[in-house]
Amino acid sequence: MAARTEPDPGPAGLAARLPSPSSALGLLLVALVLAWLAVNFVKSPSNWTEVFLIGLTNGAVYGLVALGYTLVYGILQLINFAHGDLFALSGLVAFTILNSVLDIGSNPSTLVLIGGIVATLLITMTFFAGANALIELVAYRRLRNAPRLAPLITAVGVSFIIQNIGLAVYGVSFRSASDLVPHTNVFSIAGVSYQWNKLTVILVTVPILLLLTWFVTSTRQGKSMRATAQDREAAAMMGINVNRTISITFAVAGSLAAVAGLLFLLQFNMRYDTGFQLGLIAFTAAVLGGIGNLPGAVLGALVIGFIQAFNEGLSWHTPGSDWTQSIVFGILILILVFRPEGLLGERTAEGQ
Amino acid sequence: MSAPRRGPSNERLERFARQWGLVLAVVALGFLYPTYVGWLKGLPLVGDYFPTVGSMVIMTVFTMMAVGLNIVVGYAGLLDLGYVAFYAAGAYTAAWLASQQFEQVTFHFGSVGVAPTLSGIHLSIWLVLLIAGLFTTIVGILIGLPTLRLRGDYLAIVTLGFGEIIPQFVRNGDNVGGFDLTHGTFGISPIDSPGFGSGLSSLGLPDNYRQSFEAERLFFYTALALLLVTVICSVRLRDSRLGRAWIAIREDETAAAAMGIPLMRTKTWAYALGAFFGGVAGAFYASFKSGAFPADFYFNISVFLLCMVILGGMGSVWGVVIGGMLLGYLNAEGLATIGSKLSSSTGIDFEPSKYQFGIYGLIIVVMMLFRPTGLVSERRRKLELEEGVHDEPLYASQRE
Chain Z
1 MAARTEPDPG
11 PAGLAARLPS
21 PSSALGLLLV
31 ALVLAWLAVN
41 FVKSPSNWTE
51 VFLIGLTNGA
61 VYGLVALGYT
71 LVYGILQLIN
81 FAHGDLFALS
91 GLVAFTILNS
101 VLDIGSNPST
111 LVLIGGIVAT
121 LLITMTFFAG
131 ANALIELVAY
141 RRLRNAPRLA
151 PLITAVGVSF
161 IIQNIGLAVY
171 GVSFRSASDL
181 VPHTNVFSIA
191 GVSYQWNKLT
201 VILVTVPILL
211 LLTWFVTSTR
221 QGKSMRATAQ
231 DREAAAMMGI
241 NVNRTISITF
251 AVAGSLAAVA
261 GLLFLLQFNM
271 RYDTGFQLGL
281 IAFTAAVLGG
291 IGNLPGAVLG
301 ALVIGFIQAF
311 NEGLSWHTPG
321 SDWTQSIVFG
331 ILILILVFRP
341 EGLLGERTAE
351 GQ
Chain U
353 MSAPRRGPSN
363 ERLERFARQW
373 GLVLAVVALG
383 FLYPTYVGWL
393 KGLPLVGDYF
403 PTVGSMVIMT
413 VFTMMAVGLN
423 IVVGYAGLLD
433 LGYVAFYAAG
443 AYTAAWLASQ
453 QFEQVTFHFG
463 SVGVAPTLSG
473 IHLSIWLVLL
483 IAGLFTTIVG
493 ILIGLPTLRL
503 RGDYLAIVTL
513 GFGEIIPQFV
523 RNGDNVGGFD
533 LTHGTFGISP
543 IDSPGFGSGL
553 SSLGLPDNYR
563 QSFEAERLFF
573 YTALALLLVT
583 VICSVRLRDS
593 RLGRAWIAIR
603 EDETAAAAMG
613 IPLMRTKTWA
623 YALGAFFGGV
633 AGAFYASFKS
643 GAFPADFYFN
653 ISVFLLCMVI
663 LGGMGSVWGV
673 VIGGMLLGYL
683 NAEGLATIGS
693 KLSSSTGIDF
703 EPSKYQFGIY
713 GLIIVVMMLF
723 RPTGLVSERR
733 RKLELEEGVH
743 DEPLYASQRE
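Residue numbers (the numbering used here), protein chains in the order written: chain Z, 1 to 352; chain U, 353 to 752.
Excised from the complex, chain Z in its bound form (with noise of 0.2 angstroms):
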């Protein structure tokens, strides 16, 4: 949670920082990158266009699972290693709710499609806030007082149940529901096009993320969520509960899962071990943008998605698909070697 801000660095500050060799190092293979995608544009406009809006797609959603970890991380000094699968095992659910309770079957009207929509959501959403908060009470609650790694442990441990219950439920095949929405254009310019099923993703996603922000910032419950971050025991003595507040960080977290569930449902395919990777990737997005720091988490969200799809998409030296994992982890490794604190910097008692 941004709520340790650092003073300003100034003009100053900036040039002492300059001269250092890895930052030096850091900013060059940034320009590299940079000129990369310059080039690439000047090549093909149109394409550098359309993958660019499957990154900003891709990273929305990358974004909502990041804001979980980033939520827990702040609150807990905890990695939800969960999480991720927590995410999966939500996009399989709301396969069922969508295709066996709704029955929303091919080619639904609008209206009916939107319902369905909010209902999964309503519906998802809810049960696991719910989960979130009994697997915070169940597995990570004995061990709060316990060193470091003993919660992180047991995460590993929880994150493996998670996967296979939605094993022994779903089986190994791949559910999708990228036929719901229709794939039709919303706009189409200079060769440029935007389909409805990705706007579905930002339409979902930009009230989502202005929901949590007047939570986090507005409400009662989120002001005692950043006092508890910032200090526990303090928090205690200005009479916040702070088990409550826990258990309602995890349950927000937990929704937040549920709508990337469903919204990566919407796009892509996912079977029960599609957490992993992908709360992987959306961990090293809440790290790039400073773990703890939510709109850091967006940030870091949105650059991932860019450099997966820039990755996959353009034509002109990439390193494709079979790379994507390595770049992502790359970044990870690089990013918490030489600037724990991230791009919007959070310092955490990790980093320095």
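These are computed hints drawn from the structure, not numbers from a lab. Positions of the beta carbon are idealized from the N, C-alpha and C atoms, including for glycine. Any given hint could turn out to be false.
As the list claims (entries may be wrong) - Residues on chain Z that point at chain U, a partial pick, calculated with CB under 8 angstroms:
| id | residue |
| --- | --- |
| 1 | LEU143 |
| 2 | ARG148 |
| 3 | ILE153 |
| 4 | THR154 |
| 5 | LEU167 |
| 6 | ALA168 |
| 7 | PHE276 |
Said to hold, decoys possible - Here are the computed distance ranges between Cβ atoms for each label pair:
| id | chain 1 | residue 1 | chain 2 | residue 2 | range |
| --- | --- | --- | --- | --- | --- |
| 8 | U | ALA467 | Z | SER46 | 56 to 66 angstroms |
| 9 | Z | VAL42 | U | THR537 | 34 to 44 angstroms |
| 10 | U | GLY612 | Z | ALA24 | 26 to 36 angstroms |
Add chain U to chain Z, keeping to what the hints say.
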């Protein structure tokens, strides 16, 4: 004390017997296992649950990796979620140095069971094991140097990142600048067999493992010997100056630094030595399976090994050996046996082996919640978990 007339050598002998007597008994039992396994498997009711010698090889190799991981996780308290990277590095070293992968060259040195004209690098497997260990140590140091200044959970994620990057590199490495380094998703196979060559067969040493009638028994004996060496090294390391430094860092980094322990160097040593055993085990396993395939090196294996360490008891060598053998057994054939027994006796169609990683996850969670010290508690670790440790990071001293 109780017998004052006894000489010092006698006392040492007694201490030695106390410390290692049980171990020697277990090793002897293990050594004889291939001899009486037939009898055990003939027992009524429980006979089917005894693992075959082939499974015992796999169990022993994975236990060896777990003992290696225990140096990193248990002794030094550095959570490594990417240990599979070392396994992969070791396996591919064996694949490079004892197969036909590099067909551009023909180089033979001490290899058994391959025609002298066969292309590729063919070194003796015993040499390859050593080289694999050293190569993996270097990989461990290279991964460790930039990342070990991070603490705790960040380090865990970085190691996880490396654990994912290395297999992907292996998968995509069939065209590194036009050169086929790893043979892509197909993996490298076959890999030469271990053996001592015909020159030493007069000493009773086997010529070539794979061509022997008792191949599995020979592989098992070798795996057992490797595990024993790993365990002995591990115990001796724990009691050494370095081992005490690891434990000091695990308990309180600030205090350890104040006492003059060089943090980065000590941690890197933990990483390097842990990697060494992972590499040797990986190379040996590749030779046993006669192949290195990228599909073997996924994240689940890292968690599987971690589960062995947690079940057995972080920091407790004997605990890890027990945990490793137990989970190794479940992984190699135990779950499948239990599943088929279950479905034949009750008619329920349930395959526990399909959900094995869920079961390991459950074991991890249950152990961490109710018995975080593991089956065999290590005394110091228990105190740390009960009384808490000072694990706030120490900024200045982390940069040496």
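We went through each hint and held it up to the structure:
1. LEU143: 7 angstroms, holds
2. ARG148: 5 angstroms, holds
3. ILE153: Hint on Z:ILE153: holds, closest Cβ of chain U at ~6 angstroms, below 8 angstroms.
4. THR154: Interface hint status for Z:THR154: holds (4 angstroms vs cutoff 8 angstroms).
5. LEU167: 7 angstroms, holds
6. ALA168: Hint holds; Z:ALA168 Cβ to chain U Cβ min 7 angstroms, cut 8 angstroms.
7. PHE276: Hint on Z:PHE276: holds, closest Cβ of chain U at ~7 angstroms, below 8 angstroms.
8. U:ALA467 <-> Z:SER46: 56 to 66 angstroms: Given a distance of about 59 angstroms, which is inside 56 to 66 angstroms, the answer is holds.
9. Z:VAL42 <-> U:THR537: 34 to 44 angstroms: For U:THR537 against Z:VAL42, whose Cβ atoms are near 35 angstroms apart, the range 34 to 44 angstroms holds.
10. U:GLY612 <-> Z:ALA24: 26 to 36 angstroms: Since the Cβ atoms of U:GLY612 and Z:ALA24 sit about 34 angstroms apart, the hinted range of 26 to 36 angstroms holds.
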